[in-house]
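Just so you know, the sequences run in chain order A and B. Under this note's numbering, think of the first position of the first sequence as 1, with each following residue one higher. Under this note's numbering, think of the first position of the second sequence as 1, with each following residue one higher.
No lab work stands behind these hints, which were simulated from the structure alone. Hints should not be assumed to be uniformly reliable.
Said to hold, decoys possible - Per the computed footprint, the stretches of chain B lying under chain A, defined by three or more beta-carbons under 8 Å from a beta-carbon of chain A, are:
#, segment
1, 198–204
2, 272–279
3, 307–317
As the list claims (entries may be wrong) - Straight-line C-alpha distance at most 30 Å; calculated DSSO-like pairs for lysine-lysine:
#, chain 1, residue 1, chain 2, residue 2
4, A, Lys457, A, Lys410
5, B, Lys410, A, Lys233
6, A, Lys362, B, Lys213
7, A, Lys147, A, Lys457
Where a beta carbon is used, it is the ideal one built from N, C-alpha and C, also for glycine.
There are 2 protein chains.
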Amino acid sequence: MTLDAVLDQVDGDLESAVARLLELLRIPSISTDPAYKEDCDAAADWLVDDLQSIGFDVSKRPTPGHPMVVAHAEGEGPHVMFYGHYDVQPVDPLSLWSNPPFEPRLEDTDNGPVIRGRGSSDDKGQLMTFVEACRAWKVVHGTLPAKISLFFEGEEESGSPSLVPFMQENADELKADIALICDTGLFGDSTPAIVTRLRGLLGEELTITGPSKDLHSGMYGGIARNPIRVLAKIIASLHDASGRIMVPDFYDGVEELPADIAQQWNDLGFDNSEFLGEVGLGVPAGEDGRTGLEMIWSRPTCEVNGISGGYQGDGFKTVLPSQASAKISFRLVPGQDPLKLRESFRAFVQAQLPEDCTVEFKGHGAGSASEMSTDHPAFEQARAALSDEWPNPATFVGCGGSIPIAGHFKDILGMDAMLIGFGKDDDQIHSPNEKYDLSSFHKGIRSWVRVLDAMSK
Amino acid sequence: MTLDAVLDQVDGDLESAVARLLELLRIPSISTDPAYKEDCDAAADWLVDDLQSIGFDVSKRPTPGHPMVVAHAEGEGPHVMFYGHYDVQPVDPLSLWSNPPFEPRLEDTDNGPVIRGRGSSDDKGQLMTFVEACRAWKVVHGTLPAKISLFFEGEEESGSPSLVPFMQENADELKADIALICDTGLFGDSTPAIVTRLRGLLGEELTITGPSKDLHSGMYGGIARNPIRVLAKIIASLHDASGRIMVPDFYDGVEELPADIAQQWNDLGFDNSEFLGEVGLGVPAGEDGRTGLEMIWSRPTCEVNGISGGYQGDGFKTVLPSQASAKISFRLVPGQDPLKLRESFRAFVQAQLPEDCTVEFKGHGAGSASEMSTDHPAFEQARAALSDEWPNPATFVGCGGSIPIAGHFKDILGMDAMLIGFGKDDDQIHSPNEKYDLSSFHKGIRSWVRVLDAMSK
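The shape of chain A in the complex, shown without the other chains (with noise of 0.2 Å):
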């Protein structure tokens, strides 16, 4: 029966598989910091020489920053655009890694065997699931289930500054009848998830300014102004007592979750403690009174991703610096306006500054929440191909990371998008050591069979 043939070529083509991943794997697209613009440009004709190989008639298209990967393929049935991004976070601090980041390797651990290395799981090792799945149909049919379009950007890492301009451009040739998106996860280690929720993400970089240079803190320690403090000072008013933030008018918009919905995530049975635990926590800590599912899938944050100022080096410098700076993000709730807050924030904390200190902003990506209708006969058809898989049934979850294409392939082309992913919590994206299961990166390889077979009926 055809479905097997192609899910028996995904296992006998495993190996070849992974070894194609680790040589992507390898160039380190790291889209956020200018130095490595060549080696993005390198991954993008990576995939294009790959997907040319399995037939595809693809395309590296040059965009303001780092290029695009687009790549289309005939077939029977409906038309399908699958997206994902080849680039990856920055590697810092590179001492906590156990094996370079760009020399990715198969490793055997107490969970089984591991891919390791930086974009394993994010996002190149998910999107390869696809192309995998598209290669091996290819081999045993000569053509694909649907029509396929393929969709590669650069730029996810670093709030994928040309994808709308991109996507406006191209409207016409970007268009399908659905979206399919793998850069979700797993729920636990073995329930596959359909994302219908997604937090959006807004980013803010400020530099506070006090004394036009560094002063000396016996000279002037008492009587300066110290930006770091002013800085602190306004970090620590962002949230109250219970978790709340400050920022005026910040919860304008935001909506309870839907009964229904809550009942569900109530039904996953999610652990505080055990999801904390693996990463040496114990105690949730957002709003009082959610749960915390609400706390990572529903309920808007604000986080502080990294602070600088002063004296860093080893031993000890008494200094008053001239500056301090933060960079703050906010995940996103549907109702929330991302350019509306950036100016709330914005003015929360002019209205705290001292007067002889300056604060310059740097915005940084700014992109909605959004929420999927699952509608679209797809999701029925994806939850049951899926459920076929794995060894429990497929459910629909929310993600509290910031996926803005989800949302731009419902503004920008109509469409909606089904996110699919097989990551695990643990697998340390955007951390040190980076790795994604053999198995994720296999049954991914398997999903992807099964879903299209399921579409194409």
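Take the given structure of chain A and dock chain B to it, following the hints.
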């Protein structure tokens, strides 16, 4: 007349004196950074050679850290011990230097010629004023006006870890009738000042650990503890709205300034706006109801000298960091016990730590404040001598900086210490573009000639 002959010798030899200072300034003797250990040693060697050329019996003395330089010369009159330090502060941010910090040069400025380079004022330039005074006297008279000992350390900018043990082990050799220290400044531009009150210093470094590794703020944001936020909250809690420091028992033993001293200080006509205006500030940031001179001379402080955590590179990284750290220093006044306050500060931090965070402390220098007794005749002799050299009469002042050596001379060797220096507020010590006015250097040498002459009578 003998004094004039020596002053003429100083004037005539100024060019060579500057050349000698530039040689010493070219040695990057940054004591706090292990990378410069050999340079500190080289600076000590340079001093040994120079003092030998004057006729001092000099030796470089090893310590667990950087070496001490001790020199002696016989002479009529009292036994005078002179202290200075040949180590310098780090130079970052390098980009803000108009000229490389260790390629010193004589520069013409609107305020007259200056010697520009790291250490030009703090403290190589200042210590050389005394060395040059001795050299001139020796040239003219073939002898010195007093029995003179010199004591130079190379760890003053890194907490002087070897100083106390060395002074204890060599107490007999280092004891003299009085100690002279040249590591302070003029009051304003032309008023010679003898410091009779010095603040102490307590340095603490703390690192707060939350999650066991860096986390993705999408997956964990909202539920996971963020150590940067914990650190910011603690820093914000160090002062209340009135600028008072909230560490328990912090003000134990702190006394109000004696009325006569307060009066002397008020008579100096210190202008807060002018003092702060020079560094781009306008509003005194210390405790409410205190004068500017109290804030920098007689009130204790708590300042953050450095803070670090999370992603600090270009662009943006949505990470929840595992750790955040800060370097915090306290300027202390007479009556405060540094070690007791260290414990009190650590308990204050511990008490605010969420249950799933840990903190690691690293103690840096801990030196008490000191108050000189001005009973020793040298104080009045010096005040008169300095008044002869400068346009304004000399005055007794306080100093916001920490020069623990003054207290050690009293505690360990039972000697009074007299602090006389020629630095200016705009010397930018501990900052980029440090300089020492040529007039400070020239009149500083002449001042020591006069002081030695007065003391020898």
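So, going through the hints one by one against the coordinates:
1. 198–204: holds (count 3)
2. 272–279: holds (count 4)
3. 307–317: holds (count 11)
4. Lys457/A <-> Lys410/A: holds, 24 Å
5. Lys410/B <-> Lys233/A: Not satisfied, since the Cα-Cα distance of roughly 40 Å exceeds 30 Å.
6. Lys362/A <-> Lys213/B: Answer holds: Lys362/A to Lys213/B is near 27 Å, not above 30 Å.
7. Lys147/A <-> Lys457/A: holds, 13 Å
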